[in-house]
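Given only the sequences and the hints, what does the whole structure look like? Please build it.
Protein sequence lines, in the order shown, are assigned to chains A and B. Numbering follows the numbering used here, in which position 130 of the first sequence is assigned residue number 130; successive positions increment by one, without gaps. Numbering follows the numbering used here, in which position 10 of the second sequence is assigned residue number 1010; successive positions increment by one, without gaps.
Check each hint, because a few of them may be wrong.
Unchecked claim - No farther apart than 20 Å at their CA atoms in a straight line, the calculated lysine to any residue pairs in the SDA-like style are these:
1. A:143 - B:1180
2. B:1084 - A:74
3. A:143 - B:1200
4. B:1090 - B:1080
5. A:143 - B:1195
6. B:1195 - A:217
7. B:1044 - B:1238
8. B:1195 - A:218
9. A:143 - B:1189
10. B:1195 - B:1360
11. B:1158 - A:16
12. A:143 - B:1202
13. B:1195 - A:162
14. B:1195 - A:12
15. A:143 - B:1194
16. B:1249 - B:1209
These aren't lab readings, by the way, just hints derived from the structure by calculation.
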Amino acid sequence: MQVLDLSEITLREANAALQNPTEGSNETAWEIVNARGSHAIAVGLDAPIDVQVRGSTGYYCAGMNAQATVRVDGNVGPGAGENMMSGALIVEGDASQYAGATGHGGLLVIKGNASSRCGISMKGIDIVVHGNVGHMSAFMAQKGHLVICGDAGDALGDSIYEAQLFVRGSVKSLGADCVEKEMRPEHLEKLAELLKAGECDAKPEEFKRYGSARELYNFNIDNAY
Amino acid sequence: MAKDDATPPQTLPKYSSTFSPDVNAEIRRAAATGIYDIRGGGAKRKVPHFDDLVFLGASMSRYPLEGYRERCDTNVVLGTRFAKKPIELKIPITIAGMSFGALSAQAKEALGRGASAAGTSTTTGDGGMTPEERGQSKHLVYQYLPSRYGMNPVDLRKADAIEVVVGQGAKPGGGGMLLGQKISDRVAEMRTLPKGIDQRSACRHPDWTGPDDLEIKILELREITGWEKPIYVKVGAARPYFDTTLAVKAGADVVVIDGMQGGTAATQDVFIEHVGIPTLACIREAVQALQDLDMHRKVQLIVSGGIRSGADVAKALALGADAVSIGTAAMIALGDNDPKWEAEYQKLGTTAGAYDDWHAGQDPAGISTQDPELSKRLDPVEGGRRLINYLKVMTLEAQTLARACGKSHVHNLEPEDLAALTMEAAAMAKVPLAGTSWYPGMSGGGM
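The structure is reproduced here in structure tokens:
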């Protein structure tokens, strides 16, 4: 385990070490201590390494991650796992706004609650939230899956494209063009896979599925923007 | 003359200025269709512009440089504030962001070829970076847009600079729409959306909401790219003093301000014509903001929106810009709206010079289309050659004007070299009305 202490080194030094692990090294386990809410921790990683962050982080933790698995044992600030390509970000605490925004791939797990706009413009990422999500989550969500084990706030899935949403609790309101959809066996199977990956013991049968009514896919006067 | 044969004097038919024929036609169109007009391009209405300024040239008190031989440099370095690798351009004229999707792959390649040969940069657009434009562009600016279509860290690292797009001159505060007819398989794949649907480009970024957030976003982008690349912040011209101030505060290396004449691929006509301010009105305000922060020439200013000639370039630089950017003019250089396609423009209900349905995908010139047959009409090599020539002419023109003002570098041009022909231009550019030493709003009231 290699330790990066943010009370002793700069953010640039820490990220540079994670972004450029020694080629061929079998030292793939890293620990970041004294995170102290720093922004942009462990961003732009592109190697199959494991990073354990001790404490809570500021904005954009693990932003644009590829391949790496990042675990945070505290809370994360806005934009955690934004534009993630692959790999995983697992958060033991809560997440602020825009968690997983525009993510193309990989897995984001939030074991607490997520604030507003979770999964906004998601493009293929899978997100599993053990708790609740705030308003406008999955706004303009294009692809991927958002699993919400608790409740969803207002306007869930507004202007959604082809992403699939699974909610176990209540939905305060659905956004424009987002509708409840039939839960077929293939969806239950996919949901079970996501829950397992997300370290969550909820039962797939307890969820409802939501997605696009596809009525806003082509421009008309009611689709004012 | 018999009374019956006389034609009594009549009042000539008189059109209303308020309800003019084009206004009435739009009312009838709206009444018939129930949908507002979407089009490409920038503001078409007449607004105060660079044509309303003239250079004073050398005279008894100024000494000119020899027009053809004396050195007059045109190079510019962008991104000197924080970036480890600033962009060094041979000319202060860059190619503005235009997406693959809005434009054909051939058009993007032609822009890359022309810009590279001229020693300047080109810019991606919504939809991400194509291998063609990366391959053909020596200096490629990667736009970081609200939609994040095609956005990925690999391409981000391949870029020579990153432009965070907050807004465009054609639509400050607005997003965009790429209509389904332009969504080919390739465009759909790059944007992670189904083929054939209308693709909305969001008007605000998904993961930051103000200048304090943007500062952190820029930090993240720099951390991901090793602090190598210049970060531009592009805004539509609306509140140039404050927008420039806040962009600098957020950590921009370069501020790009796009006036209302700047083009778009597709937006409502009402938005294009009624939101934002003219290019001429934003330069001095932006420069003042930089000067107040002691950042003029440290944070570079790029101005775009209606730049057409070397005269426009020279005037923008004289007002304090470091470089300009062209979009619509580059498309015209490639062949957009060329009269040779008049018969086809007529079939589309328009005429060469007025064609602006860039969103419709039927561009006879093969530029703003994804139709394979139409796209073939543009030869990227020939298009690139035309762009090189055009950039060369603009540069020669700017040099000629700079030499006439006695300047050995185009950046040495200054507001003092200019006079305004109209009160409006004098007020916006803050240069004296020709023949006076006064402009509206001038402190002290002038001589």
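The hints, checked one at a time:
no.	hint	result
1	A:143 - B:1180	holds (18 Å)
2	B:1084 - A:74	violated (34 Å)
3	A:143 - B:1200	holds (15 Å)
4	B:1090 - B:1080	holds (16 Å)
5	A:143 - B:1195	holds (14 Å)
6	B:1195 - A:217	holds (10 Å)
7	B:1044 - B:1238	holds (17 Å)
8	B:1195 - A:218	holds (11 Å)
9	A:143 - B:1189	holds (12 Å)
10	B:1195 - B:1360	holds (15 Å)
11	B:1158 - A:16	holds (17 Å)
12	A:143 - B:1202	holds (16 Å)
13	B:1195 - A:162	holds (12 Å)
14	B:1195 - A:12	violated (41 Å)
15	A:143 - B:1194	holds (10 Å)
16	B:1249 - B:1209	holds (15 Å)
When held up to the earlier numbered hints, the structure conflicts with 2 and 14 and fits the remainder.
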